[in-house]
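Asks: Those protein sequence lines, which keep their order, are chains A and B.
Read in order, the letters of the first sequence are residues 1 to 490 in my numbering.
Read in order, the letters of the second sequence are residues 1 to 490 in my numbering.
A couple of the hints might just be wrong.
Identical chains blur together in the list; that is why a pair holds if it fits in one copy or across any two.
[Stated by the list, open to error] DSS-like mimics (lysine-lysine), calculated; alpha carbons at most 25 Å apart, straight line:
no.: 1; residue 1: K122; residue 2: K5
no.: 2; residue 1: K310; residue 2: K64
no.: 3; residue 1: K310; residue 2: K59
no.: 4; residue 1: K284; residue 2: K59
no.: 5; residue 1: K378; residue 2: K310
no.: 6; residue 1: K284; residue 2: K64
no.: 7; residue 1: K187; residue 2: K105
no.: 8; residue 1: K59; residue 2: K49
no.: 9; residue 1: K310; residue 2: K472
no.: 10; residue 1: K105; residue 2: K238
no.: 11; residue 1: K187; residue 2: K59
no.: 12; residue 1: K79; residue 2: K449
no.: 13; residue 1: K298; residue 2: K378
no.: 14; residue 1: K284; residue 2: K359
no.: 15; residue 1: K105; residue 2: K122
no.: 16; residue 1: K64; residue 2: K49
no.: 17; residue 1: K453; residue 2: K430
no.: 18; residue 1: K332; residue 2: K364
Simulated from the structure, these hints should not be mistaken for laboratory data.
As the structure is a computational prediction, the values presented were derived from the model and not from experiment.
Here is what each chain is made of, one letter per residue.
There are 2 protein chains.
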Amino acid sequence: MAQVKITPRSDDYSRWYQDVIAYAELAEQAGVVKGCMVIRPHGFAIWEKIQADMDARFKATGHKNASFPMLIPMSFLEKEAEHVEGFAPELAIVTHAGGKELEEKYCIRPTSETIIGHFFSKWIDSYRDLPMLLNQWCNVMRWELRTRIFLRTSEFLWQEGHTAHATHEESKEEVHRMLQVYADFCKETMAMPVVCGTKSAHERFAGALDTLCIEAYMQDGKALQSGTSHDLGQNFGKAFDVMFQDQDGKRDYVWQTSWGTSTRLVGALIMAHSDDDGLVLPPKLAPIHVAIVPIYRKDEEKEAVVTEAKRIAEELRADGLTVEVDDREGIKPGAKYYEWERKGVPLRLEIGPRDLESKTVMSKLRVAELDERGRPQKVALPIEDIGVHVGRLLDEFQEFLYERALALREENTVSIDSWEEFVATFADGKSKFVYAHWDGTEATELAIKDATKATIRCVPLPGHGPAPEPGKCIKSGEPSAQRVLFARNY
Amino acid sequence: MAQVKITPRSDDYSRWYQDVIAYAELAEQAGVVKGCMVIRPHGFAIWEKIQADMDARFKATGHKNASFPMLIPMSFLEKEAEHVEGFAPELAIVTHAGGKELEEKYCIRPTSETIIGHFFSKWIDSYRDLPMLLNQWCNVMRWELRTRIFLRTSEFLWQEGHTAHATHEESKEEVHRMLQVYADFCKETMAMPVVCGTKSAHERFAGALDTLCIEAYMQDGKALQSGTSHDLGQNFGKAFDVMFQDQDGKRDYVWQTSWGTSTRLVGALIMAHSDDDGLVLPPKLAPIHVAIVPIYRKDEEKEAVVTEAKRIAEELRADGLTVEVDDREGIKPGAKYYEWERKGVPLRLEIGPRDLESKTVMSKLRVAELDERGRPQKVALPIEDIGVHVGRLLDEFQEFLYERALALREENTVSIDSWEEFVATFADGKSKFVYAHWDGTEATELAIKDATKATIRCVPLPGHGPAPEPGKCIKSGEPSAQRVLFARNY
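Chain A on its own, in the form it takes in the complex:
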């Protein structure tokens, strides 16, 4: 394969993002189905790893998976007034089926609070049935005008947790618990730090009392909402008559939550770590951990080198790693290097005749510091105990990516108290993570957005962002109890 040129981030960040996806063969626009995408094997393998890791976290916190219909009667959506108002403009509607026009139209689920509320009302009768802790991995459809691959597509894959509880205290605990599960996943598995916070009323989920979120910092200074966790109060309980009898025989509506993350996380991963050479993946989500490239000039060298490469691959596979030995003919080592780099393989091993003699292999991490000659640092690893050395390098790389992403965010996080400085920070398409005071009104929120395109990403939870201190709203000058996080966003 020929070496290809990925648009540098500094030239055009949006184009760079598309190039990274195209050259790593992660996904592509479906084209023939408006706003939808095809996730190709390399991209889907990343999503499978996200799913497996997250699913284990859901199960460890007591949740069980289930499957609900993808079609929802339109009358269901209308039972919760705010919910239908929020989702109606984005619905895809099934009007005909089995050769006939349907008496009641269905929408393809944009989210499943309504239909799950209906079944909760059938399954829940007593406090003994609570908490009910369900999750569903599925596809949903929201007809979007402007789409961007992985970040905003008409159809996307996601998980939606839906739980019912006996008290508001318990359901609020669940909302925070699952937000923390998301934050831990982002940090530990995606190597991506997030800010945890509460959405403003304007950005709240349609039908929720409160929406919590995790916001990730992308390399271009914008924020990406990477997961949300909603306190639904008794809104859907009342709409779908989900009642339970408590220990004293009193009947009340259940308190519900819902929480979700989606294939959007793959977009987050790309914009958190990748570079001008293409995709960069943390080892915990890499479909291929190690690419081994045998190096030889003469045919008589080939057999010994390839044999040893395959033996090392088997040794590493026994440790649970996925390893490719790239012994394709007719492609130069340099071209192979570029290809594996573009695909985000965390570690490359090169092995040639001299390495056989010295019983070492040359290793290069996907992101490496430059050596004294200005070339990416390579490190010789002893073949003996290669698994230990590779394991250590991958662990360090996972940690390195997190630290690098955190440092980048910290460098680009500022507290601002002057409106002029605020406007300048977001001028010409620029963005940072800006903590500033806000008077708490929707009018001011929208005025700031109109003037700067910066939105309130969240009101940080304790431990996130600067410690709360009273101040004056950056725009209106009215009193404010704490700074909130502003950024442009995807």
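Please build the complex by placing chain B on the supplied structure of chain A, with the hints as guidance.
Replies: For chain B alone, coordinates are given in the frame of chain A:
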């Protein structure tokens, strides 16, 4: 929980099937969405195990997962004449989206040959791109008039493999390879024997040259088609212009296959193994392997017994088993036994004060022979090395279920040469697996179906069914080269 009464199979097999599903809380009819079902956590956990096992088999044979849009432009279906004719009556159509009527209507995928054909044409250019071996786990929609939970629902979950090859020989190999993967899965994991064969032209997949299938024997004598593997020839290649250049520079259409299994397998599992006490599951697909019921009369006995039950559970979990300790208050042991039996837990352990003294636990497999007093056999297991004993019992139980299912099928498989006997065998709703001669014409096939409701399940592949020998058609008396499998079917 109160003991519930499952309708005995001899009273009403269809009602029994529904009762087993309801009392094991596997799934239920959605009701509000026509023909669709909700898969509840216990049922979904079985499906997850089916998926995990089968997915590993697909990956071991070189296939990769991907994700394609759930909506397909109607014009795509029309590109393959037989395909659209076969599926048009069952389509659900999206006519409106984003608040507007769509210029081109979409259907919700009933299967994905067409849209995947479209992308194959973009991705395949040279013999070096072949074979392309993809699989997709997803939901599909076929608007069915008569539905039956798990067996035939409007929406169902499935996997669909789609592959493209350079020669017909290679694609035919793939068709057989994946049928064998299905047959191995059914035998090794579901403990369910299947007959492998070829469908008659009448039962073929719309758009295929040939459809291979696995047919499983259900306890009531009917057959359940449990998976299909299609030789698509160049039909979709031509419809979607999927061409490749071979090593000599010649361009030709690719040869494609597709193959699928679905949540219908959960129905097969139920009807292959379960009994009048409810669900019976092979250990390899059981969400819970072992239920431990602590037995005590006095409070002072309780702590020691429950503590030991939990210790044993931890020991078994360390071996990878899923174990429930049922220490619920206010429910008698007998009621607990019924509940775990209904849910299909393969092994129950009972532990009481006397067991602590003798350092044993009483064990009972879900299906056990009766002892001399006419009660289900229980076996005392030493607590020392409990994991070894439990592991052995579960392995034996997995094997036992397969042998039992095979024996039942063999008892009810006959070769018939007289039309009167054939008619009598299928009279009054009865069914067996009947091998009989057929003249190979659709007219005879339909005449037999009209007269008896028995259908040709398949023309057995070599090694399945009786060895080929020439004979005369059971209905027309015309010559026949081999017997084919007849049965009523789900």
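Asks: Hints first: check each against the structure and report whether it holds.
Replies: The hints, checked one at a time:
| no. | hint | in the structure |
| --- | --- | --- |
| 1 | K122 - K5 | between (57 Å within a copy, 21 Å between copies) |
| 2 | K310 - K64 | between (41 Å within a copy, 22 Å between copies) |
| 3 | K310 - K59 | between (37 Å within a copy, 20 Å between copies) |
| 4 | K284 - K59 | both (19 Å within a copy, 19 Å between copies) |
| 5 | K378 - K310 | within (21 Å within a copy, 51 Å between copies) |
| 6 | K284 - K64 | both (24 Å within a copy, 19 Å between copies) |
| 7 | K187 - K105 | neither (42 Å within a copy, 43 Å between copies) |
| 8 | K59 - K49 | both (15 Å within a copy, 15 Å between copies) |
| 9 | K310 - K472 | neither (65 Å within a copy, 58 Å between copies) |
| 10 | K105 - K238 | within (23 Å within a copy, 36 Å between copies) |
| 11 | K187 - K59 | within (19 Å within a copy, 29 Å between copies) |
| 12 | K79 - K449 | neither (32 Å within a copy, 48 Å between copies) |
| 13 | K298 - K378 | within (24 Å within a copy, 70 Å between copies) |
| 14 | K284 - K359 | neither (28 Å within a copy, 44 Å between copies) |
| 15 | K105 - K122 | within (23 Å within a copy, 35 Å between copies) |
| 16 | K64 - K49 | both (19 Å within a copy, 13 Å between copies) |
| 17 | K453 - K430 | within (10 Å within a copy, 71 Å between copies) |
| 18 | K332 - K364 | within (17 Å within a copy, 63 Å between copies) |
Hint compliance for this structure: hints 7, 9, 12, 14 are broken, all remaining hints hold.
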